[in-house]
Amino acid sequence: MTPTTRNSLAHGAIATISLAFVNVIGIYRALEPRLGAIEWEPWRPSTLLTALLLLDFLSYWGHRAAHRVSLLWAVHVVHHQSPHVDLATGLRSPALQIVLHAPWTALLAVSGIPFEPMLTVYLVHQLYKLAVHSEHPSCMDAASRWLVTPAFHRLHHGVGWDHVNFGAMLSIWDRAFGTFGDPTIEPVRYGTDAPLVHDVLRNNLDPLREWAAAQGSRQRAAKQLTPLANRLVAPRPEGQITQPIRPDGHSHQP
149 MTPTTRNSLA HGAIATISLA FVNVIGIYRA LEPRLGAIEW EPWRPSTLLT ALLLLDFLSY
209 WGHRAAHRVS LLWAVHVVHH QSPHVDLATG LRSPALQIVL HAPWTALLAV SGIPFEPMLT
269 VYLVHQLYKL AVHSEHPSCM DAASRWLVTP AFHRLHHGVG WDHVNFGAML SIWDRAFGTF
329 GDPTIEPVRY GTDAPLVHDV LRNNLDPLRE WAAAQGSRQR AAKQLTPLAN RLVAPRPEGQ
389 ITQPIRPDGH SHQP
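Add 148 to the 1-based position in the sequence shown for our numbering, that's all there is to it.
Source of the hints: derived by calculation from the structure; they are not laboratory data.
Among the clues, some could well be false.
Each pair of labels, with its calculated beta carbon distance range [unchecked claim]: (1) ALA324 with MET149: 33 to 43 Å; (2) TYR276 with GLU189: 37 to 47 Å; (3) GLY308 with VAL247: 36 to 46 Å; (4) GLY184 with GLY364: 39 to 49 Å; (5) ALA342 with VAL272: 30 to 40 Å; (6) VAL170 with LEU278: 11 to 21 Å; (7) ALA290 with MET149: 24 to 34 Å; (8) TRP191 with ARG357: 43 to 53 Å; (9) LEU235 with GLY364: 36 to 46 Å; (10) ILE333 with ARG182: 40 to 50 Å.
Note that the structure is predicted; figures quoted are calculated from it, not measured.
Don't be surprised by glycine CBs; every beta carbon is placed ideally from N, CA and C.
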């Protein structure tokens with residue numbers, strides 16, 4: 149087992165505990181009885197399908213926000229640090245993953261879908277997301293028009309391509325909202341511009357320190373304090389953002 153794989157698996161173990169026990173079992177189970185607006189038959193196909201569509205839709209927007217908002221990116225970047233796209237990378241998640249997932253988990257609870265079917269759908273969704281982390285051709289790739297496939301998702305992990313293909317299971321959200329990237333494009337390399345350090349603590353803390361330092365520099369340059377909310381949701385610097393990619397692989401100029 150390589151040091152990178154061990155590092156990714158360590159991240160995965162921490163995040164799995166956080167997501168499964170705090171996010172799904174804790175937040176959703178606590179909020180659904182209080183916020184649920186609709187009553188559902190728990191195991192009807194329509195209930196399961198609705199749960200899947202809602203989960204995938206909110207996952208798309210949560211993932212997109214994690215790439216656009218500088219503080220959220222400082223958390224999410226842990227998932228992109230590995231120079232490989234494999235099952236270990238699929239498990240690799242930040243220790244503060246709960247920060248990214250809690251808001252849309254609370255929104256999901258408003259649906260009123262009972263905990264047990266939602267947990268089942270959530271587990272299927274997580275397994276699917278894990279399966280599409282691969283650098284190898286797959287029979288799934290032909291379905292990229294509708295589904296997230298390994299080819300579709302590994303483009304998202306390419307250096308300079310992390311602002312396309314945010315979908316988790318369905319690629320229709322990227323097509324509908326202008327973030328679709330051609331899955332036939334093979335990135336030159338994966339990961340981030342920074343070299344990977346095989347230290348779980350530093351992997352999580354260094355991006356947050358860099359974010360805090362950048363906010364401080366920004367404030368000093370402006371010679372004034374901006375409201376805390378503005379600092380928290382500041383967009384990523386322009387140099388870190390690529391233009392959305394059209395299906396023909398060219399940059400889209402607004």
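message: Which constraints among the numbered hints does this structure fail? Numbers only, ascending.
response: 2, 3
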